[in-house]
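Visitor: Sequence:
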Amino acid sequence: MTDHLVVLITGGSAGIGAAVARMAAEHGYDVALTYRTDNAGAKAVAKDVQATGRRCEIYPCDVADPKQIDALFAAFDKDFNRLDALVNNAGIVDVKARVDEISHARLRRIFDVNVIGAFLVAGQAVRRMSTKFGGNGGVIVNMSSIAAKLGAGKQYVDYAATKGAIDTMTIGLAQEVADEGIRVVGIHPGIIDTEIHAKGGEPRRGKQLESWIPMKRMGTADEVAEATLWLMSDGASYITGSTLDVSGGR
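Residue numbers (the UniProt record's numbering): 1 to 250.
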């Protein structure tokens with residue numbers, strides 16, 4: 001059990017999630033993070049967190065599976081007696097495809113992970129944070145994408161649509177729990193230099209698209225983490241239902 005603030009980060013073994021975990025530890029948070037398959041990456045992040053003197057627990061969880069989400073929170077409750085912040089970060093993207101090329105199986109998988117999983121994790125967090133359920137309040141940060149605003153035509157409209165759903169969830173959930181001590185906010189990362197492009201089959205995609213960015217460079221995971229930690233802080237105490245662009249001007 002802990003007297004320190006606790007943040008749970010889904011998809012925390014690499015990229016933005018890992019950067020948020022490391023930065024949260026520097027801000028005094030104990031960290032819980034999930035991973036789907038990258039156990040080695042999760043352990044490396046945990047080691048970095050622990051080097052700051054903060055606690056870190058890692059949990060395998062495919063958020064597309066409701067039973068695994070239930071198991072995650074059962075394990076979390078054994079390890080921690082509080083939840084102060086959730087970073088709803090787990091997400092996937094696929095290779096470029098037009099809508100007329102996208103299969104039902106691809107749609108089902110991306111919506112199960114990016115939308116349904118995020119909803120179910122947020123619901124579990126509310127049951128632990130809300131003053132309605134005896135909690136002390138907290139912050140939920142939903143990791144969306146600038147693609148939700150741009151549509152991502154000729155790239156991955158399915159991914160953009162999942163993030164549009166997350167933006168709507170951010171607004172609606174914020175309205176539901178604003179008087180229960182919980183703020184719900186989002187972030188629209190733009191083209192960020194992380195492993196997600198390689199996982200989508202295009203490791204050089206970010207570099208190739210730099211000319212599209214007004215600032216003419218990709219963002220970094222640390223820049224997104226800085227925005228996340230600010231939204232989690234008292235400095236953003238009157239912000240809820242909003243999603244912040246971290247996209248270099250796109």
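By construction, these hints were calculated from the structure, which means they are not laboratory data. Take the hints with a grain of salt, since some may be wrong.
Unchecked claim - Within a straight-line C-alpha distance of at most 16 Å, the following computed EDC-like cross-link-like pairs (lysine to aspartate or glutamate) qualify:
| no. | residue 1 | residue 2 |
| --- | --- | --- |
| 1 | Lys216 | Asp193 |
| 2 | Lys207 | Glu195 |
| 3 | Lys78 | Glu57 |
| 4 | Lys43 | Asp65 |
| 5 | Lys67 | Glu101 |
| 6 | Lys96 | Asp158 |
| 7 | Lys207 | Asp193 |
| 8 | Lys132 | Asp94 |
| 9 | Lys47 | Glu26 |
| 10 | Lys47 | Asp62 |
| 11 | Lys154 | Glu101 |
| 12 | Lys78 | Asp193 |
| 13 | Lys132 | Glu195 |
| 14 | Lys132 | Asp193 |
| 15 | Lys154 | Asp94 |
| 16 | Lys149 | Asp245 |
| 17 | Lys154 | Asp100 |
| 18 | Lys149 | Asp167 |
Given the structure is predicted, the values throughout are model-derived calculations rather than measurements.
Visitor: Hints first: check each against the structure and report whether it holds.
Guide: Tested hints:
no.: 1; hint: Lys216 to Asp193; result: holds, 13 Å
no.: 2; hint: Lys207 to Glu195; result: holds, 12 Å
no.: 3; hint: Lys78 to Glu57; result: holds, 11 Å
no.: 4; hint: Lys43 to Asp65; result: violated, 22 Å
no.: 5; hint: Lys67 to Glu101; result: violated, 31 Å
no.: 6; hint: Lys96 to Asp158; result: holds, 10 Å
no.: 7; hint: Lys207 to Asp193; result: holds, 8 Å
no.: 8; hint: Lys132 to Asp94; result: violated, 39 Å
no.: 9; hint: Lys47 to Glu26; result: holds, 13 Å
no.: 10; hint: Lys47 to Asp62; result: violated, 22 Å
no.: 11; hint: Lys154 to Glu101; result: holds, 10 Å
no.: 12; hint: Lys78 to Asp193; result: violated, 35 Å
no.: 13; hint: Lys132 to Glu195; result: violated, 39 Å
no.: 14; hint: Lys132 to Asp193; result: violated, 40 Å
no.: 15; hint: Lys154 to Asp94; result: holds, 13 Å
no.: 16; hint: Lys149 to Asp245; result: holds, 10 Å
no.: 17; hint: Lys154 to Asp100; result: holds, 10 Å
no.: 18; hint: Lys149 to Asp167; result: holds, 10 Å
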